[in-house]
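Add chain G to chain X, keeping to what the hints say.
Next come the chains, spelled out residue by residue.
Number of protein chains: 2
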Amino acid sequence: MSELRHDPLTDRWVVISTERASRPSEAAATKEKKKSEFCPFCPGNEDKTPIPEIYMVLKDGSHRSNTMDINIIKNSEWLVRVIPNKYPALQPETILKRKGVGVYDKISGAGAHEIFIESREHDIKIHTLPLQQVVTVLNVIKLRMSDLEKDPRFRYLSLFKNEGEDAGASLEHGHFQLTALPITPSEVARELNCCRDYFNNKERCLICDILSQEVECGERIVEANEAFMVLAPFASRFAGELFVAPSPEAHHHNFPDIDDKMIEALASVIQRTLARLSKKYDNPPYNITLHTAPFFRRKKKGNGETIQEDYHWHFHIMPRIGKIAGFELGNDCFINIFSPEEVAKLLREAAV
Amino acid sequence: MSELRHDPLTDRWVVISTERASRPSEAAATKEKKKSEFCPFCPGNEDKTPIPEIYMVLKDGSHRSNTMDINIIKNSEWLVRVIPNKYPALQPETILKRKGVGVYDKISGAGAHEIFIESREHDIKIHTLPLQQVVTVLNVIKLRMSDLEKDPRFRYLSLFKNEGEDAGASLEHGHFQLTALPITPSEVARELNCCRDYFNNKERCLICDILSQEVECGERIVEANEAFMVLAPFASRFAGELFVAPSPEAHHHNFPDIDDKMIEALASVIQRTLARLSKKYDNPPYNITLHTAPFFRRKKKGNGETIQEDYHWHFHIMPRIGKIAGFELGNDCFINIFSPEEVAKLLREAAV
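Chains X and G supply the protein sequences, listed in that same order.
Going by the numbering used here, the first sequence opens with residue 1, and the numbers climb by one from there.
Going by the numbering used here, the second sequence opens with residue 353, and the numbers climb by one from there.
Just so you know, the hints here were simulated from the structure itself, not pulled from any lab data.
Watch out, some of these pointers could steer you wrong.
Straight-line alpha carbon distances no greater than 25 Å define the calculated BS3-like cross-link-like pairs of lysine-lysine that follow [to be verified]:
#1 Lys554/G with Lys99/X
#2 Lys323/X with Lys477/G
#3 Lys613/G with Lys106/X
#4 Lys323/X with Lys675/G
#5 Lys458/G with Lys345/X
Isolated chain X (complex conformation) (with noise of 0.2 Å):
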């Protein structure tokens, strides 16, 4: 069973799951993994996934959830699946409990961990797939998440995406994946604790001022309209990092609450951006992840006012061009070879 665990020294939990592994001492076979030509997310292998299948949305605009029976899913002309990672970080069977080990803390590893399948077809890329698929994608992300927000146990929900070996997808067929934790991760804690002190002094959403900045200046900015913004950031930590993120006009702090025209809008964008940067950089492998309000944040407050004007959902996007390497780890200080300026410059002249 996973656990995850807290370190006194950096105030970060880690995930130790060695479900997801053989034993240590054979682990360096590992190295040695061939490219399997089989895949379990191509259409006729739909009884090499976990079940129950989580969520189906057929040919027909119909949808199925939580199917227990292989035959009905194998038959079934899906369009886009959502199914248990077959190799969870986190298990939602699991009874989530808290404890403290001198100065260590501990949690057992309750939470979710699915797996989205964007597209009936195997060498298919998020930004050619037919726009109404991505959205059909981002509409059962929004659904998933909402579900999963129900449970009292989940602190966080993570969404992420890894495009390429380098940005370690271990599955070649394009695939989302949501992990639910019990916990708000380090790096969106972070991100809370700045956008709040920004706001307590200022009143203002700090990503609001960034987005207003970057419009003034300009130079960074790839593409801007009234739904959405896509820029290089100003200290950017990847090569050819993109932010993207709602406009200034269009402030939200949770992902989940987004509308048809905002969900539509958001498919147009990441699809134009994703073939800008493949188009410019040679299909780089990339991860993209969003950042949203964790849970907490969205109760009530005791006035019965919601926090949510100093927070502000987000994506990133980080290609992999480089190695993470020793003074990256050791530091938390990112060497980035390209200027962000010029990767904006390079991404806006992309005909998309």
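Below, chain G alone, put in the same frame as chain X:
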């Protein structure tokens, strides 16, 4: 020229160092980089590394500093060389300038980036060098750190080592790297904050308390004596991660203050630890990083007292067995597939 930039959303500094790469649009080509047969760190190729050579230890035990004459360098029977990095992340010639730009902050990239060539032999690893050679390397590191800390532009010295291509090493020939930074990097700041809060509350060193708790528990100890302790951290981020620190009896905050006896003990414990790791995990790629007190922490307080009880220098050894993917980067929360208890057990059993 490099630039340090501050991200207001995460309170993190990034080094933008475009000299370290070709132009963004040409970067894809670097993916094809072939392993070169030529090694600029091997004897005979001294003219392929930048001058001035910062420091050199010769076979007769003597040394030379700031040598400009390439013929002298080439004809030296050297044991250890310290040279400027050919592609420095930060340049010492730069005037330090701190500037705010709206919500952002930046610093011109004044710093230093030095390379320590550990041996004349191309293929030899730290743990197979003669003990005395490792002692010499550590003494030269101490010497360079003591010299660089006199430069009032700098706040922190970051020592690290990348071993193996997957750990970001661009050259095979064994070397450490030392950077001088005008900021305290985020990872060190986190540790300092946690240690300071703990000390303010309890008047005990957090790291001493961690080490003492680990001795009592025993499960995660690889080895321990009155000088040093090696353990698999409770909340290890990396599979096979290790923590090497002076034992509580030898508590100290500032690495360059290390004495001869402790240097010899450190050389020996690092060799044993890397030998264990290489043996049990099949020579994994790894990063090593040193965490020590930044300069401002070593200044005297108003009452003449120095701050030193609340920090404790140490090395992190991070094997790079798995990939860093979207979950890790998006959350700054790592999934570790090895149990630290099993790692410690396995490494304790390794005969070295």
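Tested hints:
1. Using a Cα cut-off of 25 Å, the hinted pair Lys554/G and Lys99/X holds, with the two alpha carbons roughly 21 Å apart.
2. Annotation: proposed proximity of Lys323/X to Lys477/G holds, straight-line Cα distance about 21 Å (limit 25 Å).
3. Between the alpha carbons of Lys613/G and Lys106/X the distance comes to roughly 38 Å, so the proposed pair goes past 25 Å and is violated.
4. Taking the CA atoms of Lys323/X and Lys675/G, the gap is about 11 Å. The hint holds against a cut of 25 Å.
5. Between the alpha carbons of Lys458/G and Lys345/X the distance comes to roughly 21 Å, so the proposed pair stays at or under 25 Å and holds.
The structure shown violates just one earlier hint, number 3.
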